[in-house]
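Visitor: Each chain, written out:
2 protein chains.
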Amino acid sequence: MKLKVKDMDIATGGILVVLVNEKDAEKFDLHHEDRVSVKKGRKKTTAIVDIGESDKVVKPGQIGLFEEVVDELNAKPGDIIDMDLEEKPKGVDHIKKKLEGKNLSKEETDEIVREIVERKLSAIELTYFIAACYTRKMNLEETVNLTKAIVKYGNKLKLRNKIIVDKHCTGGVPGNRTTMIVVPIVAAAGLTIPKTSSRSITSPAGTADTMEVLAPVELTLKKMKKVVQKTNGCIILGGGVDLASADDKLIKLRHPLSLDPEGMLLASILAKKAAVNSNHVLIDIPIGKDTKIKNKKEADHLKKLFIKIGKKMGMKVKAIITDGTEPVGNGIGPALEARDVLWVLKRDKRGPKDLEKKCIRMATDILKSAGVKGAGKKVKDILENGKAYAKMKEIIKAQGGNPNINPDKIKPGKYQYTYKAPKSATITDIDNFTVSKIARIAGAPKDQGAGIFLYRHEGQKVKKGQPIFTVYAENKTKLKYARNILKKIGEIRVNHTYL
Amino acid sequence: MKLKVKDMDIATGGILVVLVNEKDAEKFDLHHEDRVSVKKGRKKTTAIVDIGESDKVVKPGQIGLFEEVVDELNAKPGDIIDMDLEEKPKGVDHIKKKLEGKNLSKEETDEIVREIVERKLSAIELTYFIAACYTRKMNLEETVNLTKAIVKYGNKLKLRNKIIVDKHCTGGVPGNRTTMIVVPIVAAAGLTIPKTSSRSITSPAGTADTMEVLAPVELTLKKMKKVVQKTNGCIILGGGVDLASADDKLIKLRHPLSLDPEGMLLASILAKKAAVNSNHVLIDIPIGKDTKIKNKKEADHLKKLFIKIGKKMGMKVKAIITDGTEPVGNGIGPALEARDVLWVLKRDKRGPKDLEKKCIRMATDILKSAGVKGAGKKVKDILENGKAYAKMKEIIKAQGGNPNINPDKIKPGKYQYTYKAPKSATITDIDNFTVSKIARIAGAPKDQGAGIFLYRHEGQKVKKGQPIFTVYAENKTKLKYARNILKKIGEIRVNHTYL
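Residue numbers (the numbering used here), protein chains in the order written: chain A, 1 to 499; chain B, 1 to 499.
Next comes chain A alone, as it looks inside the complex (with noise of 0.2 angstroms):
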């Protein structure tokens, strides 16, 4: 069937789709979701069928191209494209058949991620995958299969090294800001750590957004590659370089309920890691009332389940359960986190002490895992030594930053409230998702200079008038809704002393 190209300019964000007037999808029998193939003299594509109500938007005869489409066809308006039918991808088949409770094999699992990563699931077909992967679960053979094929269709960063280390934080945690401190520490010790983090989705910042404080963070694979082999690691964002096409598109549906499916997290996490040739990872679980992971046992499943697939991967994983009942450093938000980073790597004594002594336990877990002897001391004396923050400022230049950056230099933001106490007391708990809330309600993390910092941590004592927070905001309103939030959940949990 000839249709004449309408530009839609609009963008799905990711799946090819196109509009069809009811009246030409009736002569093709087209339901909604139909496969079509799209073909335009030798480009030629397959998209998703969305079908037009009434003649508004697209006439018969015309086909509306959402910007995915136009861009892989490059077609412009009037041009005509010749549609076909096309069968249902086989993933939506394997996606039933999961649905219904049987194993996938590797053979149908890589079907569905290269479906996947090939547009050709839509987000309704990619939900009940989530779904069934949720509510079925996963068994370790499934959730290797689905991690080798999330780095089979992926970007890869080919390195000659023989000993690639990495780290990964299950998160929920303000201010644990590990990996920026960590990875210097690593490098000057001569491993090499290509460390990709995320952005934010709920928290007041990802490693990816305290990091741009200091310097760029999307890289190509190229640059990121150069980057590396210069100073022996890197900290940037993970979805610039595409290692793990796959599971970006799922953790987007994963969200609207929060969902994370065991399987999925693990492939998720370990996919990246196995994309960058990592051959001993250090996973760092945190577990409070607020982190992703809530409790012990739930730890130490998901720890086995880490060292398991590791395995199966060739990667020698190290897991570490850690205290994440409250924040870690002072500072929570992008500009407050990248001065503590800087503090504790200049030596300043304002540098957090919870903050550095995680990072020298992670940072000798990980040289001991390498078969570094005197790990211990190694990794104190090159954070001592200044080596550490020598490196961090060779990074920061390789990812184009300025590396003689003065953390005092870091404003936070300008309008500013500070919580003092109200009479003599010790601090009993300081509430993550409180802190997260109201962190992000001041602007974190788009305001890079909104967050809260941390006067006090729970155990301390605070003297009637003595500051124990204070909550900075980049413009006046940010700040009001902040102070707002602050009161009506103050009011909510009582039995929470501060915060």
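Treat the hints loosely; a few may be bogus.
Note that the list lumps identical chains together, so a pair holds whenever it fits in one copy or between two copies.
Once the Cα atoms are required to be at most 20 angstroms apart in a straight line, the calculated SDA-like pairs of lysine to any residue come out as [stated by the list, open to error]:
hint: 1; residue 1: 56; residue 2: 7
hint: 2; residue 1: 137; residue 2: 101
hint: 3; residue 1: 106; residue 2: 465
hint: 4; residue 1: 59; residue 2: 9
hint: 5; residue 1: 437; residue 2: 28
hint: 6; residue 1: 446; residue 2: 29
hint: 7; residue 1: 148; residue 2: 107
hint: 8; residue 1: 158; residue 2: 15
hint: 9; residue 1: 156; residue 2: 248
hint: 10; residue 1: 487; residue 2: 86
hint: 11; residue 1: 56; residue 2: 9
hint: 12; residue 1: 152; residue 2: 105
hint: 13; residue 1: 90; residue 2: 258
hint: 14; residue 1: 97; residue 2: 258
hint: 15; residue 1: 349; residue 2: 360
hint: 16; residue 1: 23; residue 2: 475
hint: 17; residue 1: 43; residue 2: 368
hint: 18; residue 1: 2; residue 2: 475
hint: 19; residue 1: 88; residue 2: 251
hint: 20; residue 1: 294; residue 2: 163
hint: 21; residue 1: 226; residue 2: 216
hint: 22; residue 1: 368; residue 2: 86
hint: 23; residue 1: 446; residue 2: 467
hint: 24; residue 1: 97; residue 2: 262
hint: 25; residue 1: 59; residue 2: 7
hint: 26; residue 1: 102; residue 2: 262
hint: 27; residue 1: 27; residue 2: 322
hint: 28; residue 1: 296; residue 2: 456
Please keep in mind that the hints were generated in silico from the structure rather than gathered at the bench.
Values in this document were obtained by computation on a predicted structure and should not be read as measured data.
Given chain A, work out where chain B should sit, using these hints.
Guide: Just chain B now, kept in the frame of chain A:
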């Protein structure tokens, strides 16, 4: 936040969606699929947020309204809208609960269904709900709650009659047009039968498609009531009177994977009966290779559930398991089926005997269930003495059709292809799937004259050169497509004697 309206000129087909520029989304910490309230003057509604990544379609400060939102707010391009954050609908939490394997309470089910009808749940969220009900199953109580909720939040037909009967077929058998014979018989016997049917989704014709050859089927609820009050019966499209609005939205999303979660299937069918106040319902469950219900075991299981749930809904349900191995009747496709139906009612000897026999059985069952004495004889009399035909003419007239239509004037498509026996043989298998596929490719149900006429049924002998079936189409190309498919299928399904 104040934003200027841009009319997107696109209908989503149900859900309320607004498009916001990425920069504005950031200001409010809005994510894809988040909810906002949008207000213009006194008019206010809740919509789901879509985020535009470029300034191409919606600039900062603008808000793109899809048609449903334009209608709700009566908004014009350039109007100023007040947008505010809104909590996620509570249904989302309940859906997640069900995904986790926990049962839903009556209140939770009510809330989900209400939010479906109010168009507050997105397609992704509803897909998760369907997947949850499919994988976690629904118990009897949950199914009853869902049925009641669908009735509660849909339209209702209010009649004063004490006894209201109804029928339903679980489907999958081409040509099985019993409704159009059973309804006039039952109505002529003095019982009230306000029958709603659907259009075909994947079959060559739904009852609504076939009835439409004889009379309009898209009636308002008011008109439906008038027809039933006048004639005791009707044969109309259910979707038009919105008896189960929530169900219609769920069915749309079950289609891509052809998912029929048992509880939803039961609720979907019985809610429509409850909405017209039926208290005696006959369910026809045909079984065969390509029917919806595959075997006796499945059918028996479903039969029990129909009866149990019916009881809880105050309905006396009788379910019969019938032979669905081959098509019922000779004509397949709207016009050909309508002609079969009229031939049976007019006592023309060309009326297919298998269809007639099945209808007599079903009408007798319905009369018996409603306590009519001598039901079997009465049904045969009504058919023989022309009262059923007279009743059908009344119904056709009341719905706005021509009651004097001559079945021989109903012409099938003029492009025809007749398949003749290449040798003398016995017909061993007529495959429902193949018959449906070919009739649809030939143009059914949209082209009313398209379809297949079967000269023989399974078990019958045919001599070399005698016709076995004719394919009808309304245009040459579609007949060619159908013949191509016939060849292709013939090659694959060598084990089938014909078709």
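Visitor: Does each hint fit the structure? Answer for all of them.
Guide: Evaluated hints:
In this assembly of identical chains, residue 56 and residue 7 lie within 20 angstroms of each other by CA distance both inside one copy and across copies; the values are 14 angstroms within and 12 angstroms between. For a Cα distance limit of 20 angstroms, the shortest separation of residue 137 from residue 101 qualifies both inside one copy, at 9 angstroms, and across copies, at 12 angstroms. Taking identical chains as interchangeable, the C-alpha atoms of residue 106 and residue 465 are never at most 20 angstroms apart, the minima being 63 angstroms within one chain and 51 angstroms between chains. When the C-alpha separation of residue 59 and residue 9 is checked against a cutoff of 20 angstroms, the pair qualifies both within a copy, at 16 angstroms, and between copies, at 13 angstroms.
Only between protomers do residue 437 and residue 28 lie at most 20 angstroms apart by alpha-carbon distance; the minimum there is 13 angstroms, versus 51 angstroms within a single protomer. Only between protomers do residue 446 and residue 29 lie at most 20 angstroms apart by alpha-carbon distance; the minimum there is 9 angstroms, versus 47 angstroms within a single protomer. In this homomeric assembly, residue 148 and residue 107 come within 20 angstroms of each other (Cα to Cα) only inside a single copy, at 11 angstroms, whereas the closest approach across copies is 43 angstroms. Taking CA atoms no more than 20 angstroms apart as the test, residue 158 paired with residue 15 passes in neither setting, with 29 angstroms inside one copy and 46 angstroms between copies.
Taking the shortest Cα distances, residue 156 and residue 248 sit within 20 angstroms of each other inside one copy (15 angstroms), while across copies they are farther apart (45 angstroms). When the C-alpha separation of residue 487 and residue 86 is checked against a cutoff of 20 angstroms, the pair qualifies only between copies, where the shortest distance is 19 angstroms, while the shortest distance within a copy is 57 angstroms. In the homo-oligomer, the alpha carbons of residue 56 and residue 9 lie at most 20 angstroms apart both inside one protomer (15 angstroms) and across protomers (7 angstroms), since each shortest distance falls under that limit. Taking the closest pair of Cα atoms, residue 152 and residue 105 come within 20 angstroms of each other only inside a single copy of the chain (16 angstroms); across copies the shortest separation is 44 angstroms, beyond that limit.
Taking the closest pair of Cα atoms, residue 90 and residue 258 come within 20 angstroms of each other only across two copies (14 angstroms); inside a single copy the shortest separation is 27 angstroms, beyond that limit. For the identical chains of this complex, residue 97 and residue 258 are inter-copy neighbours only, at 12 angstroms across copies versus 24 angstroms inside a copy, given an alpha-carbon limit of 20 angstroms. Within a single copy, residue 349 and residue 360 get their C-alpha atoms as close as 16 angstroms, which meets the 20 angstroms cut-off; across copies the closest is 93 angstroms, which misses it. Taking the closest pair of Cα atoms, residue 23 and residue 475 come within 20 angstroms of each other only across two copies (16 angstroms); inside a single copy the shortest separation is 52 angstroms, beyond that limit.
In the homo-oligomer, the alpha carbons of residue 43 and residue 368 never lie at most 20 angstroms apart, since the shortest distance is 53 angstroms inside one protomer and 65 angstroms across protomers. For the identical chains of this complex, residue 2 and residue 475 are inter-copy neighbours only, at 18 angstroms across copies versus 54 angstroms inside a copy, given an alpha-carbon limit of 20 angstroms. In the homo-oligomer, the alpha carbons of residue 88 and residue 251 lie at most 20 angstroms apart only across protomers (19 angstroms), although the nearest pairing inside one protomer, at 23 angstroms, exceeds that limit. Within a single copy, residue 294 and residue 163 get their C-alpha atoms no closer than 33 angstroms, and across copies no closer than 56 angstroms, so neither meets the 20 angstroms cut-off.
In this homomeric assembly, residue 226 and residue 216 come within 20 angstroms of each other (Cα to Cα) only inside a single copy, at 14 angstroms, whereas the closest approach across copies is 71 angstroms. In this assembly of identical chains, the alpha carbons of residue 368 and residue 86 never lie at most 20 angstroms apart, being 54 angstroms within a copy and 50 angstroms across copies at closest. For the identical chains of this complex, residue 446 and residue 467 are neighbours neither inside a copy (26 angstroms) nor across copies (74 angstroms), given an alpha-carbon limit of 20 angstroms. Within a single copy, residue 97 and residue 262 get their C-alpha atoms as close as 19 angstroms, and across copies as close as 17 angstroms, so both meet the 20 angstroms cut-off.
Proximity of residue 59 to residue 7 under the C-alpha cut-off of 20 angstroms is found in both arrangements, the shortest distances being 13 angstroms within a copy and 18 angstroms between copies. With identical chains, the CA atoms of residue 102 and residue 262 are at most 20 angstroms apart both within one copy (17 angstroms) and between copies (18 angstroms). In this assembly of identical chains, residue 27 and residue 322 lie within 20 angstroms of each other by CA distance neither inside one copy nor across copies; the values are 61 angstroms within and 34 angstroms between. Proximity of residue 296 to residue 456 under the C-alpha cut-off of 20 angstroms is found in neither arrangement, the shortest distances being 26 angstroms within a copy and 70 angstroms between copies.
Checked against the numbered hints above, the structure violates hints 3, 8, 17, 20, 22, 23, 27 and 28; every other hint is satisfied.
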